[in-house]
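Quick note, the sequences are listed as chains C and Y, same order. Start counting the first sequence at 1; every next residue gets the next number (the working numbering). Start counting the second sequence at 1; every next residue gets the next number (the working numbering).
There is no bait here: all hints are sound.
A short list of chain Y residues far from chain C (calculated; beta carbon distances all over 12 Å): (1) Q167; (2) N207; (3) G251; (4) K283.
Facing chain C, from chain Y, some residues (calculated, C-beta under 7 Å): (5) I27; (6) A137; (7) L296; (8) A299.
One side of the interface only, derived from the structure: several residues of chain Y facing chain C at Cβ under 10 Å: (9) G21; (10) H24; (11) G26; (12) N28; (13) N132; (14) G136; (15) A239; (16) G243; (17) Q261; (18) G264; (19) N295; (20) K302; (21) E307.
Honestly, the hints are just simulated from the structure, not real lab data. Being a predicted model, the structure only gives us computed values, none of them experimental. Cβ atoms here follow ideal geometry from the backbone N, Cα and C, with glycine treated the same way.
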Amino acid sequence: MNGTASYNIFPLGDSALLIDYGNEMNVGINKKILLQFRVLQAARLPFITDIVPAYSSLAVHYNVALLHDKKQGDRTVFETAMALISPYLSSDDVEEENNRLIKLPVCYQPPFCLDMATIASAKNFDAEGIIRLHTAQSYRVYMLGFLPGFAYMGKVDDQIVIPRRQQPRANVPAGSVGIAGNQTGIYPFASPGGWQIIGRTPVPLFNKHLSNPTLLQPGDTVQFFSITANEFADYQSRPA
Amino acid sequence: MSLQIIKAGLLDTIQDEGRKGYSHLGINPGGAMDIFSYRLANALLGKKLSGPVIELHFPAAQILFTQPTIICITGANFLPSINNISVPINHPVVIGANCILRFDGIKQGARAYLAVKNEWLIDGWLNSFSTNKVAGAGGWQGRPLQKNDCIEFGNAVGGNGMVGNNQFKVLPWSTLEKVDNRNEIEFIIGSEWHYLKAESQADFQNNWFQITQDADRMGYRLSGGKLCLQQTTEMLSTAVGFGTVQLLPNGQLIILMADHQTTGGYPRIAHIISAHLPLLAQKNVNDVLKFVQTNLETAEEKIMKQEKYLQQLQVACKFRMEEWLNGH
Chain C
1 MNGTASYNIF PLGDSALLID YGNEMNVGIN KKILLQFRVL QAARLPFITD
51 IVPAYSSLAV HYNVALLHDK KQGDRTVFET AMALISPYLS SDDVEEENNR
101 LIKLPVCYQP PFCLDMATIA SAKNFDAEGI IRLHTAQSYR VYMLGFLPGF
151 AYMGKVDDQI VIPRRQQPRA NVPAGSVGIA GNQTGIYPFA SPGGWQIIGR
201 TPVPLFNKHL SNPTLLQPGD TVQFFSITAN EFADYQSRPA
Chain Y
1 MSLQIIKAGL LDTIQDEGRK GYSHLGINPG GAMDIFSYRL ANALLGKKLS
51 GPVIELHFPA AQILFTQPTI ICITGANFLP SINNISVPIN HPVVIGANCI
101 LRFDGIKQGA RAYLAVKNEW LIDGWLNSFS TNKVAGAGGW QGRPLQKNDC
151 IEFGNAVGGN GMVGNNQFKV LPWSTLEKVD NRNEIEFIIG SEWHYLKAES
201 QADFQNNWFQ ITQDADRMGY RLSGGKLCLQ QTTEMLSTAV GFGTVQLLPN
251 GQLIILMADH QTTGGYPRIA HIISAHLPLL AQKNVNDVLK FVQTNLETAE
301 EKIMKQEKYL QQLQVACKFR MEEWLNGH
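Only chain Y is shown next, with the shape it has when bound in the complex:
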């Protein structure tokens, strides 16, 4: 009674909101790259927002469900289909036993999230289900999902009357959020912003920067006009975070992403605001970005707006889910 990987994807890992409280040991938080879509998937199922999901990159895994359940896919639109019939993202979908979920292409975005109504029988590590590939711990045996991996479900949801074998049903509720794929990403200045020459400060905000091939869950290296410091400085290692923009010695930028190192020694030019990290997480190689300065108050209010939206949605969906399950 489980979901089973019948064909491995490029990089599919179990993630949650991240492993908090161990950075002082060099153990990074990890967690979903697009925290908003990750939480949205749980919200639409009426689940606790912080439960584990599978983060999928394209080409994504093919997954066999051996037991009826309810799933929800959010984030990137990889054209999901069940038994070769396309299904929408951002909707809960009741799925019968023996159904196969596939992803047929990239319509938009870079990372999709698959949440499942059931609890999973997997071991956490240091209070999180996120996969830490370096330590080989957390998630599914500390590694990306491979063919024949089987995630067992801990509880049944609803009865077999929900939907027949090999059948599925799209539930009617969704999110009103429109896909936001704008290229203007807001930042607040970093501790070493003032180390930049004035013209480089202007270039940072006026020029476009392109995401290079060297972009993954650890960070995105960008290419663009070279930025210069007023003088070269030798910095001791100090804290960095998800969204910290560092200036490398060659004058190019790197944005640290979910699997970033806990500390770094390059100047921290800027920090992407938390509310825009989901936008960034859905960018692909060769996409271009422009950095727009904002202030702390605005950044904090944008976090709160997303937080309130997700919490309210979760409550509403929990109610609708219980109502629907009681009727079946």
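This is chain C alone, in the form it adopts within the complex:
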């Protein structure tokens, strides 16, 4: 746990600030960011419009008009926001990292494993070896972004780290599970994308009818397990 990690705060445009811990995928830093996120969310400061945790940064979007009246002297609205937010960043609250473990079935077989052959040849593995490495450990959900419900998870085993595709796909099917560098992720919706696709989950990751519409949340732990194509079809025929 890296409790003493230091951060810089700077403007992210004229209506948001960025609390920045550098450019590092680090569990300790990410836990600290998610704690700050939860504390700020619970504080319900009326001028805050959105709070966005990422791997090693936390963005706070604010309403300039609401803050303008609180401005003192020559302070900018940004400086005013920073002064009002800062007390929440040094919170000594006992860390309540959520302990959710979500087990997700993935079919790593054709036709779902679009880039398996590419990774196999690049890494000198057979598909079984790649599946074994991908399912052998659990992953932390560091952040959500890119698409509604898209979870950025890490870190994958060094032996199957592979860069994004040179040529992104115009349409990656919904449910596709991929690798990009040392990250793994799942496309909740069909979308253009460049991740190397190794399988697909039949479990829906997004349900707009729920008040919390995404299956995965920042701070969750995810464990993948391998299923056959027949099992994949069974999952899909089950009522939601």
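Use these hints to put chain Y onto chain C, whose structure you have.
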């Protein structure tokens, strides 16, 4: 008792000020591209500034009103007409039952806003009426308006005495704001500005950049002289916003617009100031831009100037609207 789409437009969606508070789930805010014109349409009707409107692209929908109401069109001038008689933008217009609103061409701008005095019987999603096409939620069934869609009105405004069937009346008040279609867009520097080579920092401010075909509600890709970083960097995904200017690996720029992703991994060279996003939202493919650096204080003051203008206008128009409705 409603407005009905009798011919679909290219991309007409219900929008408001955006869906705030869900970016941590990857759900982007969306909302009107030209926030100023969107709020202006509500202000001129004396409505709450944050109510839902229809954002129209050209060619825009044809709309039948089956009940008398009062509308206001702002933003782009798509040459609106009611029953084939042209009507001005930026004016409230009383419109009788059976009137058909059409848009005949592009005089200026890229996005028009249609506000209606009545409340609409539509379901919000996560505290907003904005249309999220990816999630298929919000707005009208989570998608652009199509032929035969009918937005029901929740309340009647005024009586049938306002104006006869098939008739309309332009109300006398408007905005004094002149169309601002300048090409100089102000920015403040982004976190990765210093990653640019010095000559690229200069090029960014001295060169013209053109909006390519690849420009939509998500973002505008620009074409111009290639910009270079001092060294290539691999960035982890981090927050971005409406107006963030990112440098793509090919040395070209993209400006993130209303439907931008919540996070991104390209260097954030600059951020367009909020007060100039409406200018940008009214640019079309092939339009050219020049970036002019400003500072945070100026950017904040420009937001406040627009905010105060709209709030004062809304109060004045609310009064005039009540006065006019009481007389009819």
